[in-house]
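For the protein sequence lines, the chains are Z and S, in the order given. Each residue of the first sequence is one higher than the one before, counting from 1 in our numbering. Each residue of the second sequence is one higher than the one before, counting from 450 in our numbering.
Simulated from the structure, these hints should not be mistaken for laboratory data. The reader is advised that the hints may include incorrect statements.
Partner residues are not named here, just some residues of chain Z that face chain S (Cβ under 8 Å, in silico) [stated by the list, open to error]:
1) T41
2) P45
3) R132
4) S134
5) G137
6) Q141
7) C272
8) Q276
9) G342
10) L346
11) G351
12) G354
13) P379
For each residue, glycine too, the CB sits at the ideal point set by N, CA and C.
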Amino acid sequence: MKRELRILTPLGMLGYGFPIQWFEKGLEMEPHAITVDAGSTDSGPQKLALGLMTCSYEAYYEEIEILLLAGQRKHIPVFISSAGGDGSNIHVDLFVQIVEDICAKHDLHLKLGVIYSEPGKDLIRERLKEGRISPCGPVPQLTEEDINDATVIVAQMGVEPYLKMLDEHPDIDVIISGRTYDPVPIAAFGIKNGYDPALCWHMGKIMECGALCATPAGKSILGTLTEDSFTLEPLNPKERCTPYSVAAHTMYEKSHPYYLPGPGGRLDLSGCSFEQVNDRVVRVSGSRFEPTTYTVKLEGSKVAGERAICVGGIRDPILISQIDPFLDKVKKDVLEEYAEMGGVLLFHIYGKNGVMGVLEPNKDHVPLELCVIIETVAPTEKIAINMCNRARVNMLHYDYEGRIATAGNIALPFTPLEIPLGKVCEFNVYHTMELNDSCEVFPMKVLEI
Amino acid sequence: MKNIFLKDFAKVIRSKNAGPFEMTMDIVLKNQEDYLYIKENNIINRELISELYRIPQEEIITLCYFDNAHGIKITIPRPRPQGAAGETDMHAAQQHVPLMYIMI
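Go ahead and model the full structure; you've got the sequences and the hints to work with.
In structure tokens:
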């Protein structure tokens, strides 16, 4: 029989929930490892800036417990990447604590590998001075100020820290890693076992999303690496992988459909073929991996201020017809007073361009009513609220051309009229940094529990 | 010319963040024939995207036909970093609509 390596991924995002039935079915197919990714920047900058997690502690605990018990029962390792969503040190430590608590509860004894991913600001400052940090996409050049402002800065690790851990501790039971390029746990396990790195990366890239590549999109998936290809099988029998569904998934959330840059190289899918093996399984081959200068992606965000909003509606057609000059006047007067205190004022005009803003192509639409959300951002909550108050009062009472409704210009549904929304956060580090060594900024340790 | 909107011809027209600083739009056609019609007539091109999203052509990050998925990918910068003050669409999930009304 030909050599193969099977990897089970229960779902695309740890903590989102998955049906145990199909995960169990995957376990019956005797996988060699279980991997799951917890990372994403997609829900916003507030996680990195405020130390928040993507899912609740309880959701993580519950799923890690299922995975640990399954791994121990089957004597296979469990890899969990990008702890907490952002992969910061505090969330790696929290995940380690969860593993320890679960082990105590079930009297499990295992070997836990822990890999951190915060390079430290001093090293980042040094690399910036050496000119070895570049914007990742349409991002301003990094400045020393950005480094100082960011709450934490994480780096996305490549396969090498995982390979190092697996080389030094082949009997490792569980790895918890900080911020990790999503395909890495799968890619590293394949590479460690001698499979073609291009196929390993590609299989990781698809499976880190669970069975999202199936139709209909699902959760649990089994991937099987062989010498010259890999296959994908969603574990819910109602889901199918087709050449089309797998190829189309490759496009999802990516900047380019077939060039996928990562730490140490670029995956090139332009020559891939996707072949239907049976009704539900697809075989993929022809992936290529081109080594590049070793860089890792840095991610960080800062607290940009405090925010307040006020929600108002406008029904009067005379005002609606001149909404832009009206709001310009409101804004000008408010900024005269608040700009020097660091205040920012924005209007979201639903019914006109609230969803697309400057990108809205339709300028001629005459709406029945408008919803205007006043957004203010300022260094303190008090200033943000006062500024929002001033904008609201001006909107309510300012005169405009042809005005016949002289008692009030906006309909306000909520009290308090000005609503504090807490901190505004902003991604300010999204850059690639050169490393001297691929494991340089990823310290690791092993715990015997 | 078929004189219909792309929304009545394509299988998927969607938009989404590709990282916090970019947004990417995918158009997926129903079959190879429809895909080749769009591709060979170069209906989705840089001039058109530049006009629809009011950005200079040189700022378009990707405009790429992808034969395997009979799809077209367009990636442009976000108007602001994801989630910053003034954000209108955290996931950039509703920025695809101008593509729906491309006349083919």
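Close enough to count: is the Cβ of Z/T41 nearer than 8 Å to one in chain S?
-> This interface hint holds because 5 Å falls under the 8 Å limit.
Residue hint Z/P379, partner chain S, criterion CB-CB below 8 Å | At about 12 Å, which exceeds the 8 Å cut-off, the nearest Cβ of chain S leaves the hint on Z/P379 violated.
Go through the hint on Z/P45 and say holds or violated, using the shortest Cβ distance to chain S against 8 Å.
-> 5 Å, holds
Hint check, Z/R132 versus chain S [nearest Cβ-Cβ separation less than 8 Å] = Given a least distance of 20 Å, the restraint on Z/R132 is violated.
Taking the closest Cβ pair, is Z/Q141 under 8 Å from chain S?
-> Because about 13 Å separates Z/Q141 from the closest Cβ in chain S, which is outside the 8 Å limit, the hint is violated.
Hey, does the Z/G351 contact hint survive, CB to chain S under 8 Å?
-> 13 Å, violated
Mind checking the CB of Z/G137 against every CB in chain S and telling me if the closest is under 8 Å?
-> Since chain S brings a Cβ to about 5 Å from Z/G137, closer than 8 Å, the hint holds.
Hey, does the Z/G354 contact hint survive, CB to chain S under 8 Å?
-> 6 Å, holds
Report holds or violated for the interface hint on Z/Q276, using the least CB-CB distance to chain S and a cut-off of 8 Å.
-> Hint on Z/Q276: violated, closest Cβ of chain S at ~14 Å, above 8 Å.
Does the CB of Z/L346 sit less than 8 Å away from some CB of chain S?
-> Cβ of Z/L346 sits 4 Å from chain S, so the hint holds.
Regarding the hint that Z/S134 lies at the interface with chain S, is the smallest CB-CB distance below 8 Å?
-> Not OK, violated: Z/S134 not within 8 Å of chain S, min 13 Å.
Should the hint that Z/G342 touches chain S count as held when the rule is a Cβ pair under 8 Å?
-> Since the shortest Cβ distance to chain S is 12 Å, the answer is violated.
Consistency note: the structure conflicts with the earlier hints numbered 3, 4, 6, 8, 9, 11, 13.
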